[in-house]
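Participant: In order, the protein sequences belong to chains A and B.
Residue numbering for the first sequence is 1 to 340, as defined by the numbering used here.
Residue numbering for the second sequence is 1 to 340, as defined by the numbering used here.
Treat the hints as calculated values from the structure; they're not laboratory data.
Treat the hints loosely; a few may be bogus.
Said to hold, decoys possible - Taking lysine-lysine pairs in the DSBU-like style, the calculated list, with each CA pair at most 35 Å apart, reads:
no. : chain 1 : residue 1 : chain 2 : residue 2
1   : A       : 240       : B       : 104
2   : A       : 240       : B       : 240
3   : B       : 253       : A       : 240
4   : A       : 253       : B       : 240
5   : A       : 253       : B       : 253
Bear in mind the structure is a predicted one, so any value in this text is a computation, not a measurement.
2 protein chains.
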Amino acid sequence: MHQPDTSPARFFELENFQLQNGSTLPRVRLSYWVYGEINDAADNTILFPTWFASTRSANSWLIGDGRPLDTSRYAVVVVDAIGNGESTSPSNVSPDLAGLNFPKVSIYDNVRLQVALLDHLGVGRLALYVGRSMGAQQAFCFSACFPDRVERMFALTGSAATTAHNYVFLDGLEAALSADAAFGRPELGEPRIGLTSFGRVFAGWVLSQQYYRRGGWRRESDVNVETYLRTHWDRYFWRKNAYDLFCQIQTWKAADLSANPVFNGDQEAALAAITARTVVMPSRTDLYFPPEDSVWAISLMKNAELRVLESDYGHRAGTAASCNMDVEFLERAIMGLLQK
Amino acid sequence: MHQPDTSPARFFELENFQLQNGSTLPRVRLSYWVYGEINDAADNTILFPTWFASTRSANSWLIGDGRPLDTSRYAVVVVDAIGNGESTSPSNVSPDLAGLNFPKVSIYDNVRLQVALLDHLGVGRLALYVGRSMGAQQAFCFSACFPDRVERMFALTGSAATTAHNYVFLDGLEAALSADAAFGRPELGEPRIGLTSFGRVFAGWVLSQQYYRRGGWRRESDVNVETYLRTHWDRYFWRKNAYDLFCQIQTWKAADLSANPVFNGDQEAALAAITARTVVMPSRTDLYFPPEDSVWAISLMKNAELRVLESDYGHRAGTAASCNMDVEFLERAIMGLLQK
Numbered sequence: 001m002h003q004p005d006t007s008p009a010r011f012f013e014l015e016n017f018q019l020q021n022g023s024t025l026p027r028v029r030l031s032y033w034v035y036g037e038i039n040d041a042a043d044n045t046i047l048f049p050t051w052f053a054s055t056r057s058a059n060s061w062l063i064g065d066g067r068p069l070d071t072s073r074y075a076v077v078v079v080d081a082i083g084n085g086e087s088t089s090p091s092n093v094s095p096d097l098a099g100l101n102f103p104k105v106s107i108y109d110n111v112r113l114q115v116a117l118l119d120h121l122g123v124g125r126l127a128l129y130v131g132r133s134m135g136a137q138q139a140f141c142f143s144a145c146f147p148d149r150v151e152r153m154f155a156l157t158g159s160a161a162t163t164a165h166n167y168v169f170l171d172g173l174e175a176a177l178s179a180d181a182a183f184g185r186p187e188l189g190e191p192r193i194g195l196t197s198f199g200r201v202f203a204g205w206v207l208s209q210q211y212y213r214r215g216g217w218r219r220e221s222d223v224n225v226e227t228y229l230r231t232h233w234d235r236y237f238w239r240k241n242a243y244d245l246f247c248q249i250q251t252w253k254a255a256d257l258s259a260n261p262v263f264n265g266d267q268e269a270a271l272a273a274i275t276a277r278t279v280v281m282p283s284r285t286d287l288y289f290p291p292e293d294s295v296w297a298i299s300l301m302k303n304a305e306l307r308v309l310e311s312d313y314g315h316r317a318g319t320a321a322s323c324n325m326d327v328e329f330l331e332r333a334i335m336g337l338l339q340k
Numbered sequence: 001m002h003q004p005d006t007s008p009a010r011f012f013e014l015e016n017f018q019l020q021n022g023s024t025l026p027r028v029r030l031s032y033w034v035y036g037e038i039n040d041a042a043d044n045t046i047l048f049p050t051w052f053a054s055t056r057s058a059n060s061w062l063i064g065d066g067r068p069l070d071t072s073r074y075a076v077v078v079v080d081a082i083g084n085g086e087s088t089s090p091s092n093v094s095p096d097l098a099g100l101n102f103p104k105v106s107i108y109d110n111v112r113l114q115v116a117l118l119d120h121l122g123v124g125r126l127a128l129y130v131g132r133s134m135g136a137q138q139a140f141c142f143s144a145c146f147p148d149r150v151e152r153m154f155a156l157t158g159s160a161a162t163t164a165h166n167y168v169f170l171d172g173l174e175a176a177l178s179a180d181a182a183f184g185r186p187e188l189g190e191p192r193i194g195l196t197s198f199g200r201v202f203a204g205w206v207l208s209q210q211y212y213r214r215g216g217w218r219r220e221s222d223v224n225v226e227t228y229l230r231t232h233w234d235r236y237f238w239r240k241n242a243y244d245l246f247c248q249i250q251t252w253k254a255a256d257l258s259a260n261p262v263f264n265g266d267q268e269a270a271l272a273a274i275t276a277r278t279v280v281m282p283s284r285t286d287l288y289f290p291p292e293d294s295v296w297a298i299s300l301m302k303n304a305e306l307r308v309l310e311s312d313y314g315h316r317a318g319t320a321a322s323c324n325m326d327v328e329f330l331e332r333a334i335m336g337l338l339q340k
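Next up, chain A with everything else stripped away, as it sits in the complex (with noise of 0.2 Å):
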């Protein structure tokens, strides 16, 4: 069986690579994996990027030999998204586009970047796009400016595009890590204070008022809730560089498959451009990317069909957390379309 969390990164880097916003970047570097092999007709690729405070240890647990993303047939590729600690981000650049100086990143801007690493890795067009949350953003983003390069799209738990509430969300995020004195003033540390309280918002949304009512995070430990919010959240954002975090919730706020210059701002026209097979899987309780935006987005679209993942996990539904009871609906769902 395949092993992927052990095999070290792959890097791909560009020079000078213009971002949306008018900086460019001197260096850019993605991370990236590919878990098995691309075929002499490069034709069994599968692109599956992290997504929001994530890096590809999230990505693992659906790849691998006879898993969802089955190695034994697929190569599937993992690609760090910018600003996630991995791939070029704010905590991992020259001082002047650290922290605060690093520069707005669109999703346009990473999935151009997807498109020059598989024009690298000598793969032309992809057999499946698995995207979720932010990730699911990209794909709509690539299979809309790219519709020749992508066979079929998986999207799971994400939008097309940033919605008002998704993005009022957000914000409520980046105000409870800001409002930290050490945010954006290095010198007086990391802002331990402003990622405890970007925790403990998260953590009210992540998942969903079911999950709470039955109690669900005494699955991981008998606790009662404010000793989970300690022990779970504060420890998990503790681990995250702040300024990675803004730069991806950045990103997130402008996300929006239309925002660039194939479309203008169409959405309409960029759902309806994306020629993909797709299968777009809200989480029923997802209480930031709730399924009605996706029954929005596939109505737009040519050859997209809504399966709803019918789960108390809110948007952590289809994760490793979750993934006792969500395995064999998310299997069905990819086997069915690579087999299409």
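Please arrange chain B on chain A, whose structure you already have, making use of the hints.
Facilitator: Then chain B, alone, in the frame of chain A:
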């Protein structure tokens, strides 16, 4: 027509009031209004306390001659909650009790003070207790602990006890507020950043995804959502006192109709003890008091009816903010209850 907003408050004071947490307030002052006249039989009184972060001006739209709480027939007593800045609060006490020195106040403390106020007014039994949000939490506690003193109860967008998810939501608000370095350090001035952060987090929770999807805020001003946050929510919470908000959040987090010597934490027994004819009215889209929690509560009550407010205003359904849409539905429920 009655014009409640211009009448002066009346005050009711008690000395050496012992709180549930063990501390004693040397003097506690309730600020209240009586709209209409208490009749000779003293059987026409409606109690309608304030809710979180609000004062009586938010209650007044329901009250008046010919309004749902009709002052031509009923005497409507509006009482400010402890911590709301009008009744005894962190912002209006002596320095030794001010700010974070203010003791933790429970729903049961508020309820016992209301009973004392009704004694003072000569009202033995209420015709109706109307409570919204944290006020509904008081209605549940009052009706469970003092069943002989309330004939009817109307609980709007609230709960019998704060659920785990509601607690997490509140904890996020508290974390966003207290992340400001000035919070708890009055020598650094008002925690304006914390109040901003609080409002930004609140804005996503208090309204619904559906409200934002249809651009509901544009009723107020035709601006983008970022401008709406800045002009509406920032200014709204800048007018609030951070320590009053903090005090009320502590009350809310611990809200539980059974957290008192009468029921010792037995929520089912407390709900079963309510004899008042009751209407419980959650909002379909309320993100922190979802209808499911009301369904649970009435399933344990003797004489309670569920009426879900079909609104996309989230937790703001049934307030002045949504009055044009909801007032008839509310009025019918209240009228129906009063005629029984």
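Participant: For the pair supplied as a hint, residue 240 of chain A and residue 240 of chain B, confirm whether the alpha-carbon distance does not exceed 35 Å.
Facilitator: holds, 32 Å
Participant: Keeping to a limit of 35 Å between CA atoms, is the pair of residue 240 of chain A and residue 104 of chain B held or broken?
Facilitator: Judged against 35 Å, a Cα distance of about 34 Å means the pair holds.
Participant: Measure nothing beyond the straight line between the CA atoms of residue 253 of chain B and residue 240 of chain A; if it is 35 Å or shorter, mark the hint as holding.
Facilitator: holds, 28 Å
Participant: Given the hint that residue 253 of chain A pairs with residue 253 of chain B, test it: the Cα-Cα distance must not exceed 35 Å.
Facilitator: holds, 30 Å
Participant: With a cut-off of 35 Å on the C-alpha distance, tell me whether residue 253 of chain A and residue 240 of chain B pass.
Facilitator: holds, 28 Å
Checked against the numbered hints given earlier, the structure satisfies every one of them.
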